[in-house]
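There are 2 protein chains.
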Amino acid sequence: MLNISKRGQAMPASPIRKLVPYAEAAKKKGTKVYHLNIGQPDIETPKMVLDAVRHSDFKVLEYSHSAGNESYRKKLVGYYKSVGIDITSDQIIITTGGSEAILFGFMACLDAGDEVIIPEPFYANYNGFAVAAGVQVVPVTSHIENGFALPPIEAFEQKITPRTKAIVICNPNNPTGYLYSAAEMEQLKEIILKHNLFLFSDEAYREFCYDGTQVSAMHLKGVDEHVVIMDTISKRYSACGGRIGAFLTRNKSLYDAVMKFAQARLSPPSFAQIAGEAAIDLPADYFDTTKAEYQSRRDLLVQRLNAMEGVFCPNPGGAFYAIAKLPIDDADVFCQWLLEHFSHDNQTVMLAPATGFYGTPGLGKQEVRLAYVLNKGDINKAMDCLELALKQYPGRI
Amino acid sequence: MLNISKRGQAMPASPIRKLVPYAEAAKKKGTKVYHLNIGQPDIETPKMVLDAVRHSDFKVLEYSHSAGNESYRKKLVGYYKSVGIDITSDQIIITTGGSEAILFGFMACLDAGDEVIIPEPFYANYNGFAVAAGVQVVPVTSHIENGFALPPIEAFEQKITPRTKAIVICNPNNPTGYLYSAAEMEQLKEIILKHNLFLFSDEAYREFCYDGTQVSAMHLKGVDEHVVIMDTISKRYSACGGRIGAFLTRNKSLYDAVMKFAQARLSPPSFAQIAGEAAIDLPADYFDTTKAEYQSRRDLLVQRLNAMEGVFCPNPGGAFYAIAKLPIDDADVFCQWLLEHFSHDNQTVMLAPATGFYGTPGLGKQEVRLAYVLNKGDINKAMDCLELALKQYPGRI
Chain A
1275 MLNISKRGQA
1285 MPASPIRKLV
1295 PYAEAAKKKG
1305 TKVYHLNIGQ
1315 PDIETPKMVL
1325 DAVRHSDFKV
1335 LEYSHSAGNE
1345 SYRKKLVGYY
1355 KSVGIDITSD
1365 QIIITTGGSE
1375 AILFGFMACL
1385 DAGDEVIIPE
1395 PFYANYNGFA
1405 VAAGVQVVPV
1415 TSHIENGFAL
1425 PPIEAFEQKI
1435 TPRTKAIVIC
1445 NPNNPTGYLY
1455 SAAEMEQLKE
1465 IILKHNLFLF
1475 SDEAYREFCY
1485 DGTQVSAMHL
1495 KGVDEHVVIM
1505 DTISKRYSAC
1515 GGRIGAFLTR
1525 NKSLYDAVMK
1535 FAQARLSPPS
1545 FAQIAGEAAI
1555 DLPADYFDTT
1565 KAEYQSRRDL
1575 LVQRLNAMEG
1585 VFCPNPGGAF
1595 YAIAKLPIDD
1605 ADVFCQWLLE
1615 HFSHDNQTVM
1625 LAPATGFYGT
1635 PGLGKQEVRL
1645 AYVLNKGDIN
1655 KAMDCLELAL
1665 KQYPGRI
Chain B
1275 MLNISKRGQA
1285 MPASPIRKLV
1295 PYAEAAKKKG
1305 TKVYHLNIGQ
1315 PDIETPKMVL
1325 DAVRHSDFKV
1335 LEYSHSAGNE
1345 SYRKKLVGYY
1355 KSVGIDITSD
1365 QIIITTGGSE
1375 AILFGFMACL
1385 DAGDEVIIPE
1395 PFYANYNGFA
1405 VAAGVQVVPV
1415 TSHIENGFAL
1425 PPIEAFEQKI
1435 TPRTKAIVIC
1445 NPNNPTGYLY
1455 SAAEMEQLKE
1465 IILKHNLFLF
1475 SDEAYREFCY
1485 DGTQVSAMHL
1495 KGVDEHVVIM
1505 DTISKRYSAC
1515 GGRIGAFLTR
1525 NKSLYDAVMK
1535 FAQARLSPPS
1545 FAQIAGEAAI
1555 DLPADYFDTT
1565 KAEYQSRRDL
1575 LVQRLNAMEG
1585 VFCPNPGGAF
1595 YAIAKLPIDD
1605 ADVFCQWLLE
1615 HFSHDNQTVM
1625 LAPATGFYGT
1635 PGLGKQEVRL
1645 AYVLNKGDIN
1655 KAMDCLELAL
1665 KQYPGRI
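As they're listed, the protein sequences go chains A and B. To convert a position in the first sequence, counted from 1, into our numbering, add 1274. To convert a position in the second sequence, counted from 1, into our numbering, add 1274.
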């Protein structure tokens, strides 16, 4: 008998994608499924971004520099300056999506058995990268009652051990939509300085803040050696399939270590680097328009949810996710039931059970994550389905 | 003091890319550098492959399926059939380059501390993926005197311990160009069955065999559970920058485990999947033309090398690499000297010291790897440089 590795066995299935077979079965029956389960926006990728690739005229699809094209990194310096981040082109490594930036951070900063503290609920794939790196995820719980604000310092300090090496935040947050305040960012700074930790800040949704502006981890003073930004163009320009992200650090020895991981995989994808570079030249009002669209979707979604009996959804300050508490027995059962046993006018809705976003077993059983990545007409229809489904669901409590 | 991980410190710098700063300095002085150090072909990517991307008309650059587009995987079934490999679309996972396929294999089959045996000299980045996965590379030495043939069974068996989980081969081989015979493949089959090991077969250069045809690991009978193919379109279609590869296995539980790693990083790059899918429709004579070009370059390179006094270069049967033994004291010093201190008509040549391809310290000190990825005019000029350099080099022995 030939066994796969313990690591391969421990690797979690994606909670966002595990219901996919039920959605496929529903579609085969002719049911229209509204996908609020996954952060794949319906927003069109800007034409000039796609055209930059379509009009490229090279003859050989070559490897790029392992850190990404120098021209792209130099233009990114300007982009980051526009969001108040001072960084040089040799402090940026272009990665294959934000995913690879996260993996590189775990690999280069933590050894097998080391611990990383993450406020839960958190982006589920952090679990996967942690298993790949042999790292232990230690959750610190945030709560729906206060909109998933950063847990107090004491909650972090209770979790810190000699093996703790880093804290991961996602700001604004996936899956909660929470936007950390300046005071909360200062609180994080205090913890990482006191306990000598890395701060990994996933800032994929930087531009999508509706009630205030983002305080980047790189806006914090005096923590240059500690801070890593994991970034991506996926959500910013609706370019998820490009698989272009970035790893940013001012810590030279960390940068050099990550470059060795980058060299091992040779280079990030060449086509989408062209797209990413072109995106920096988008007109200044691009984000205004996109943000206004997401904000109006958020307003609609949150209003519809809170109008349903027994449903509570805090108003998320950023990103394009919300977590709602539903009057149900079990979110996993309910989300599967929506696909297997429910339809309204031949339509249903796909949601992500929040259980997959918590590290602590048993939490999130009454919560679901909704991504407001569909247009308002579709969101309304999806909410019609959800409202009716909650009345019919046998496990309603 | 904030330390990077031990893993980050142990990560090897790419021996292929570490001389890059010296090459850049030479170019700044106005010296033309012939790059025989890296497998970046000058062969044009087929126009229809690039055009497929340029003429694509989607509006949203979406995530693909984590295993890659189904349409692409289905077409790949036909491609693999054409090279004698029976495989289904749900035994294929599209990866971000062959690099990711290798990493996935290490991650899903081996745990930290497990051992993988690799005939040396071997593709240096296997070291990097092994460090990332916490896996120990155990080299078994092949020798330039017999053209780097597969070491005898006994040499493998001496290296096998209870922690040995897999053997990696690259066939035809990078860096040696050696093409394993049917008898050697049967020998490998015997070892993996007897000791219950995985066989990872890197078949990036499958089409480029000049003195016979490749026996794929998936041509072997009775080892379906054991065999993994790591594949890539990089060299096949001169599409290195696309970052599209494939992980193939008929072992269902291994496939399922690798799918979880694939889901964690969401999807492979979308643009280049279009390119890869289009490439399958290239006319049948595409490889004839490309192979003939590489074969004529090989013939020229090997003839020029063996005509130099004190140089020995076995004739490689495939891929586009050769290893030559030179009358020098130290290949690392020599390769750096070529860039720093030598020029002929304002030209020099960049080679890869073979030391970086050996796992055993001290081996390969008189050997260099040459990639015949340049046209014959450039190869001739590069050989003129090398011939003269060997006469002038102070460390000649």
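Keep in mind the hints are simulated off the structure, nothing from the lab. Mixed in with the good hints, there may be bad ones.
Since the list gives no way to pick out one identical chain from another, each pair is judged satisfied if it fits inside one copy or across any two copies.
[Stated by the list, open to error] Quick list of in silico lysine-lysine cross-link-like pairs, BS3-like style, CA-CA up to 25 Å:
#1 Lys1333 / Lys1321
#2 Lys1355 / Lys1650
#3 Lys1348 / Lys1650
#4 Lys1348 / Lys1655
#5 Lys1565 / Lys1306
#6 Lys1433 / Lys1303
#7 Lys1433 / Lys1292
#8 Lys1433 / Lys1639
- Query: How would you classify Lys1333 and Lys1321 at a CA-CA limit of 25 Å: within, between, both, or neither?
  - Reply: So Lys1333 and Lys1321 pass the 25 Å test inside a copy (23 Å) and across (8 Å) alike.
- Is it within, between, both, or neither for Lys1348 and Lys1655, if the alpha carbons may be no more than 25 Å apart? Classified as neither; 44 Å inside a copy, 35 Å across copies.
- Query: How would you classify Lys1433 and Lys1303 at a CA-CA limit of 25 Å: within, between, both, or neither?
  - Reply: neither (48 Å within a copy, 56 Å between copies)
- Message: As a check of your reading, is Lys1565 near Lys1306 (CA-CA no more than 25 Å) within one copy, between copies, both or neither?
- Response: For Lys1565 and Lys1306, neither the intra-copy (27 Å) nor the inter-copy (50 Å) Cα distance is at most 25 Å.
- Using 25 Å as the alpha-carbon threshold, which applies to Lys1355 and Lys1650: within, between, both, or neither? neither (33 Å within a copy, 47 Å between copies)
- Message: When Cα atoms must be at most 25 Å apart, do Lys1348 and Lys1650 count as within-copy, between-copy, both, or neither?
- Response: neither (38 Å within a copy, 36 Å between copies)
- Checking Lys1433 and Lys1639: alpha-carbon separation at most 25 Å within a copy, between copies, both or neither? Only inside one copy: Lys1433 and Lys1639 sit 23 Å apart there, 51 Å across copies, limit 25 Å.
- Lys1433 and Lys1292: within-copy, between-copy, both or neither at 25 Å Cα: Result: close neither inside a copy nor across copies, 30 Å intra and 41 Å inter.
Against the hints set out earlier in the document, violations occur for numbers 2, 3, 4, 5, 6, 7.
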